[in-house]
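With the hints as a guide, dock the two chains, each given alone in a separate frame, to form the complex.
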Amino acid sequence: MAINLKALTDKEARFVGGHRLCAGCNEGTIVRQVLLAASDYEVAVLNATGCLEVTTSVYPYSSWKVPWLHEAFENAAAAASGAEAAYKALKRFGELPADKKIKFIAFGGDGGTYDIGLQALSGALERGHSFLYVLLDNEAYMNTGIQRSSSTPPYAWTTTSPVGAAIPGKVQPKKNIVEIVAAHGVPYVATASPSHYIDLMNKVQKALSYEGPTFLAVYSNCNRGHRNPTELSIAVSRMAVETNYWPLYEIEQGKYKITYKPRQPKPIEEWLKMQGRFAHLLKPESKPLVEQLQKWIDEKWELLQKKEEFSKTL
Amino acid sequence: MSKILMGDIACALAAVDAGLKFYAGYPITPSSEIAEALSELLPKHKGIYLQMEDEIGSIMAAIGASYAGYPSMTATSGPGFSLMQEAIGYAAMAEIPVTIIDVMRAGPATGLATQIGEGDLMQAIWGTHGDHPVLVFSPGNVREFYIYTQKALFWAEKLRVPAVVLADEVIGHMKENVELPEPIKIPERRIPDVKPEQYLPYAAVDGDVVPLPPLGSGYLWHMTGSAHGEDGFPTIRPDRVKALLDRLISKTVKHHNELVEYEAYMLDDAEVLVVSFASMGRVSKGVVKELRDRGVKVGLLTPLTMWPFFAPELRAVVDKLNPKKIVVPEINYGQLRILVEWALRGTSVPVIGVNLVNGDLIPPEMIEEAILHG
Chain A
1 MAINLKALTD KEARFVGGHR LCAGCNEGTI VRQVLLAASD YEVAVLNATG
51 CLEVTTSVYP YSSWKVPWLH EAFENAAAAA SGAEAAYKAL KRFGELPADK
101 KIKFIAFGGD GGTYDIGLQA LSGALERGHS FLYVLLDNEA YMNTGIQRSS
151 STPPYAWTTT SPVGAAIPGK VQPKKNIVEI VAAHGVPYVA TASPSHYIDL
201 MNKVQKALSY EGPTFLAVYS NCNRGHRNPT ELSIAVSRMA VETNYWPLYE
251 IEQGKYKITY KPRQPKPIEE WLKMQGRFAH LLKPESKPLV EQLQKWIDEK
301 WELLQKKEEF SKTL
Chain B
1 MSKILMGDIA CALAAVDAGL KFYAGYPITP SSEIAEALSE LLPKHKGIYL
51 QMEDEIGSIM AAIGASYAGY PSMTATSGPG FSLMQEAIGY AAMAEIPVTI
101 IDVMRAGPAT GLATQIGEGD LMQAIWGTHG DHPVLVFSPG NVREFYIYTQ
151 KALFWAEKLR VPAVVLADEV IGHMKENVEL PEPIKIPERR IPDVKPEQYL
201 PYAAVDGDVV PLPPLGSGYL WHMTGSAHGE DGFPTIRPDR VKALLDRLIS
251 KTVKHHNELV EYEAYMLDDA EVLVVSFASM GRVSKGVVKE LRDRGVKVGL
301 LTPLTMWPFF APELRAVVDK LNPKKIVVPE INYGQLRILV EWALRGTSVP
351 VIGVNLVNGD LIPPEMIEEA ILHG
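Each protein sequence line maps, in turn, to chains A and B. Using the numbering used here, read the first sequence as starting at 1 and increasing by one per residue. Using the numbering used here, read the second sequence as starting at 1 and increasing by one per residue.
Check each hint, because a few of them may be wrong.
[What the hints assert, rightly or not] Each pair of labels, with its calculated beta carbon distance range: (1) A:Ser-62 - B:His-45: 36 to 42 Å; (2) A:Pro-173 - B:Asp-239: 49 to 55 Å; (3) A:Pro-154 - B:Met-122: 42 to 48 Å; (4) B:Val-194 - A:Trp-296: 38 to 44 Å; (5) B:Met-122 - A:Lys-300: 55 to 61 Å.
Read the hints as simulated data drawn from the structure, not as lab findings. Ideal placement from N, C-alpha and C gives every residue a C-beta, glycine not left out.
The following block holds chain B by itself, in its conformation from the complex (with noise of 0.2 Å):
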């Protein structure tokens, strides 16, 4: 059934179906309808909603309804998501599921509040200190809105790490006729097959995720964001924090093949190659397809999963049709450019940046001059 959907509405009915029962959040412009939905949608659901004092609390709230056995996630923008940088290490370390969904506005600071801005992706793959794992989506549209909150909220459960939505404003806050899919649905927690007495709380099974008992359930354990052994015990010795870390990073890695999604777009013997994500993925789509139209041998490849990034994808495209030139537009100085560059070194494409931070989305003609005589 097809409905008329703003952004921020398509991510709370998202996470409603997928079976969320707990969001603590704080009120920020461009996320606020999130929680306003969500506050008379989760009630109805047997879900919590919990307004909470700040990002800090807010994060934190959820990833303690997460400890306790609630599936939980939060919704914030720049500022908020700043604040929360701490406790996404926190949720990396301890394992504990949470989904975090950061309608990007422009920064930095307070920057423009009702604008959007394409800044956050750096941050949401590094931000909190120490290396980690973390899960990065971006939707290009409200309907990949709904369907990457979605599979943030498995993700997050299926291999309890700290699981991040990047959106922007344009797709938070426009309206659009969507056609929404099956809903994927949060995975049951996987629980200890061994008695209580015998519990480690970080003993891995089947080489990386850790099983976690609800509270209550006669299981006693310690969780904790220092480094810990399989007891949870804190550890100073170094081969027990190398397995452990060793173990926290290679989580995402051995799944990248399940994670990474993107879109390619009209890549048959194009000569340039477009890549670009959020909202500015669309416009670049809507370039694509008017220069295809006039013969111009253009394709376009839109990372859905920014993190882990599609590194050997975007490597295998690239040397496949061997481009003229790479070109990447987005609402930053180059944070996506970074990241292909990185993914395409050794290489001699050039890859050019389009970068614009004013509030607005980049002009079409500026994708276009730079794909054409850039």
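For reference, chain A alone in the conformation it holds in the complex (with noise of 0.2 Å):
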């Protein structure tokens, strides 16, 4: 079931330039390349309110060739609850064929999905709507003016987390997304990042082929938040992969697969000297802090691996 990237150059791409996006942004391109996997479905596309709605949206233009609903920033997830329930009505009343394939794809923000959304996510997850949830994972409030998220890193500088004498930015540690959805016993749940696209739209095309609820958590870079230049966007994403930072991986009823391994992990250091919000942590007296992050990020590789282990035994 592989992605045959030969064959999706063919496809139609259903998201599409000429949009407001940020240049260097990169939800631009996780969109095309999780629409583009989807080629074999018809896609309803829900939207929370926040970067990619405003810029994707502006009248008289749009970027979507698929039928999109925006909603307020709070209720993807339980918009995409309605039109699944919906369309399946439709379907068993004979309103719709019976053969009818529609895939309801929702995107949300790291706001949108850790923080005000969240209850609206985990209803959906429970009730078990067949859609699959993207979370374009920026780490902050961009759209707003990068204040802090539940999902910005320790240390990371937001305008609500400002770096000073009192606190080196935020203080609290990021939220685990991905196992709070895979305590929903969803069948589907994964991380992609856009630099390694044959992984994510492997990923996308594996979630769709289920029934239920399915979530990928999308590695996003901003770079006018997470200060980096336009161009590095992508090798900012790549380097949160190579240091394990943003580590690859799924949980396929209930089975970690990691999918990606760096051969050789590189140091937190290489990601965080990438970008302007973590500038504070390169100065000599801010070591403790990096070595912090860096046994932090350890930890959970440890425990990722022997999650990986042990589902090898179910």
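Structural data, given as structure tokens:
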């Protein structure tokens, strides 16, 4: 079922250029990859309030060659629930042909997923609606001006976790959304990065092959908020994977599988130094903080490998 | 000392200068600068800044901190203000002071996130279910944003009611040279003068306000959003329910004269009266001044307190001037006009709305046209 890039090049792009995403923004790249991988299906997109929504739908233009519904910030998953339930009912009552195959794909940012939309997401996952939720994780409220979210990593600068004498940026850990979603017992949960696009598209196809809720957490560099040059945005995403900050793995029917293992994981400094939001961590006196981050990443990676090992015994 | 300040920053400074100790919020345009400024300012003033997971959490965290003894506020814009409505009623019922800054964008829904609207007026007054006391102030410039943030904090604490400041995107994002007045400090909370075992959390003192001890001071009490007796326990006894709601509603009514503020501009011999609020009040002022220069007899009333509404005061002005008409410019489809018509019920003065919701301020020419030929 692996992705055939050559075959996909003949498919029509259903997310097209001309949008107003910032230069270098990963979101456009990710959405193109997701919709391309979904080429075998008719798709309806649900889009929570956020950068993606704002920039792709400025009247009189649209980047979307699929039906597209914008909701409020907190309820893409709830709107997907209603749309999917109605679609199933239409099929059941013969209003739509029984062999009709529409896939519902919801896009939300980290604010709309980890924070304000978590309740709606949890409800939809628990009820078991058939849809793919794609999280575009740029680790802060970028659309409103870079405020911290519960996805912002420790020690990152944001406008509401300012770096100074009192705090070295955000002091709380990053919420583990993948485990939260997986704990609902849904059939397919995975992480991805636009830098590893074949992996990403394979995961989309796998997710869409399931009935029931599926979830894809995609790392999305925001050069405005992470403070890096626009041309490095994919490189930063790749480094997030190469340092094990953002490991690529999937949880398929409860079984963990790491889909990409860096041969020689790079130290976290390599990723930190690419981004201005961590500039204060490069000072010598911040060394303990960097060490702490490295420890946190190593422990998580260790645990993930153990989970993968354990999954093989299941 | 004068400073060049953005409206949202003036609001944050006002809160700190008044003695605010707690802010909980959630990012939303065009109010995010208030949160950003307070995330820096509050920790330097022994205060706490908490970023919450949404606006339901934001207002309830502010209410929780207020209950624990910290003067508190939150700030938002339309979509977030909608989410806060249930908690506004809760604060009114439980009598826990809280201040909400709503920097209005054009709605409904996400509407125009970065552009001006004045359509939250009715929601600020009537947004939560059931009859309830609430205070609504509306500044028309950066300096007034400073002043009325402090007045809202003051009166919320004084009367133990929710207070709303309705600014708008233009006021929030405009930078102007401001002479800041002496700050109005948040009053000390009235504490019970009875022993803990005699304390009844909802027994009013001086007819309206109930004393609230700080947490950890030895007093135990129930506070609730359900109908309750003086002891704070839920009740369905009709006499107790009536007494509670009568007292809640009377809080703002009794203090009408202290609460109601408005600006009267060039009213002498005015034949046409303009009534307008928030940024449109300021635009209207320019129109009135220019027309006066050209000899047109027109005057302006700008309410700064939107609720309680200045109905008796407006009525008195109209009775005195007997204007030919009243013109109400506002960036919505007639919310202030409804209040004006209600205040003037029984009179025959025509009330003409100047309404436009397109993301911009209403152009002065439209107001002038209504004054001269409407």
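Verification of the supplied hints:
{"no.": "1", "hint": "A:Ser-62 - B:His-45: 36 to 42 Å", "in the structure": "47 Å, violated"}
{"no.": "2", "hint": "A:Pro-173 - B:Asp-239: 49 to 55 Å", "in the structure": "53 Å, holds"}
{"no.": "3", "hint": "A:Pro-154 - B:Met-122: 42 to 48 Å", "in the structure": "44 Å, holds"}
{"no.": "4", "hint": "B:Val-194 - A:Trp-296: 38 to 44 Å", "in the structure": "53 Å, violated"}
{"no.": "5", "hint": "B:Met-122 - A:Lys-300: 55 to 61 Å", "in the structure": "50 Å, violated"}
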